[in-house]
Amino acid sequence: MIAKNTLEQALELHRAERMREVSLINGDLLESDPEQVTALQRQATAHAQQGDFATAMELYDRAIKRMPTFAEAHANRGNVLRCLARFAEALACYDLAIELKPDFAEAHNNRGVVLRDLKRQDEALANHERAIEIKPDYANAWMNRGIVLREMGRYQEALSSYARVIELRPEDAQTFNYQGMVLYRLERYEEALACYAHAIELKPNYAEALYHHSLALRETLGLTEAIESCDRAIQVRPNYAEAWWNRAELLILTGDYPSGWRTLCWRWRSVEYGKVLRQFIQPLWDGSQDINGKTLLVTLDGGFGDTLQFCRYVTLAVKRGAQVILEVQAGLMTLLQGSFDGIQIIAYGQTLPPFECSCPLMNLPGAFALPVDDIPACLPYLRAPEKHIETWAERLGERTRPRIGLVWSGSTEHSKDRQRSMPLAIMKGLLNCDAEFHCLQKQIRDADLDDILNLPIKIWVKELAGFSDTAGLVMAMDLVISVDTSVAHLAGALGRPVWVLLPYVPDMRWLLDCDDSPWYPEVMRLFRQSSRGEWAMVIARVSEELNYFLQCLSSRDE
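At position 310 of the sequence shown the residue is numbered 347 (our numbering), and the sequence of numbers has no breaks.
Careful: at least some of the hints might be erroneous.
[Unchecked claim] Straight-line alpha carbon distances no greater than 20 Å define the calculated SDA-like cross-link-like pairs of lysine to any residue that follow:
#	residue 1	residue 2
1	499	430
2	156	121
3	465	486
4	495	433
5	453	343
6	102	133
Derived by calculation from the structure, the hints in this document are not laboratory data.
Using the sequences and the hints, build the whole thing.
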């Protein structure tokens, strides 16, 4: 009777998550009966929840040895193995637990969690749904179902799952945070903000919700409040890399370049960027160390547009006395080799030459920490190869009308492509002008093929083998009109007139409330959406300005 009462007491404490007291009671039970399987199992769980996985495994193994049919011990052993990232072994434990106890909802649910860790979402979803079938009010299974559905892009179904969790656990802050994440993906930012706010109300020091709140505020251009939410997240979790990264981009977007660019190096500690951080035995240069007489390797960092925009900073390193090796995408090799004298240009993937310190390309603005007005912006800083200029001159023939280069979409792999690109059909309004239009894109999307074949736009997809080819064609244009892609940076760096069409919430580099860019002074104009997704108004303004631009060209040529 005493043992039974003691076990019941341990169970109540376990439910209350008072694990230290559980451990003490189970310890007493095990002293009186070292092979008491229920006590072994609960003692193991107490150790597991305190992070003592080795002891937990030993105790689960003892319980299973005593009672091989103890399904709960097998399942909980699987939980520990999952924490140790031993996923195949964890699955084997859950399989055995389910074989012993087919209606074991918790084992089905946790098996689904491991399958999600293994990116086997379809199987994971089936396990969570089986757990719900067995136990319809199982909130954790509904939650995990929502997570899997979110990862699969089945957002409406995910929202339904989270709604069910909220019915079962209305005070669960995590669910409101997850619900907000789905609404954010659906670009329903106001609703997402409400979810995050409620999560924070329920749990004021909820770092993830504060961070996500900041992201959603950024999408509504509530930038002061977004920075405040980031600051609160960082106060709760000082090493929260994603929050620091977002804060850096917010500072850059609002014009605080020295602080913003310095802080941007936090992105290397994030889950996303940490995977691609290259480790060298040579020290990382952050701008504070003397590099006079040293060889600095500037490593590839970002996309083509980033390389084209930020390669300008290598000249500042040279002025500090460094020998610079600049690593770039293979497609930019020829262009950059012809543009930077005294700098060794190598392609990513080549064997690295000897160097004494390194710096990722997009860390350079932070290393120099220059304010907006002091950005190195002497244009042009890139030069199109002369032979490519001549090739295009021959190919295009005699100029009879002004030449306008167009870019309406970028890579579909870009995280913000949906916001920055537009269908070609929207640009039709520009084509009524008395000008010659040229496509500067290397890729045409299937959705645009019919339009481009029926519009007065010259296509050069086959001829644009690399950026040197594109640079030669850009040099033949009187004006480039582009969405936020690498071609816009190429045109600006070549010193050619370029108009950039920007979404409502622009990338951090474009600042706010201005129609020019300190990165490309005098040659670049910015045309911004006044509301989310509204390209028609942007094109109407561009069309009006284009007519004026062409009139000015005509007057100049007379």
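Comparing the hints with the structure gives:
1. For the proposed pair residue 499 and residue 430, the alpha carbon gap of about 17 Å is at most 20 Å, so the pair holds.
2. Proposed proximity of residue 156 and residue 121 is supported: the alpha carbons are some 17 Å apart, at most 20 Å.
3. Distance hint between residue 465 and residue 486 is fulfilled; the C-alpha atoms sit about 14 Å from each other, no more than 20 Å.
4. Simply put, residue 495 and residue 433 have alpha-carbon atoms about 10 Å apart, close enough for the 20 Å limit, and the pair holds.
5. Distance check on the hinted pair: residue 453 and residue 343 sit about 15 Å apart at the alpha-carbon level, within 20 Å; holds.
6. Distance check on the hinted pair: residue 102 and residue 133 sit about 14 Å apart at the alpha-carbon level, within 20 Å; holds.
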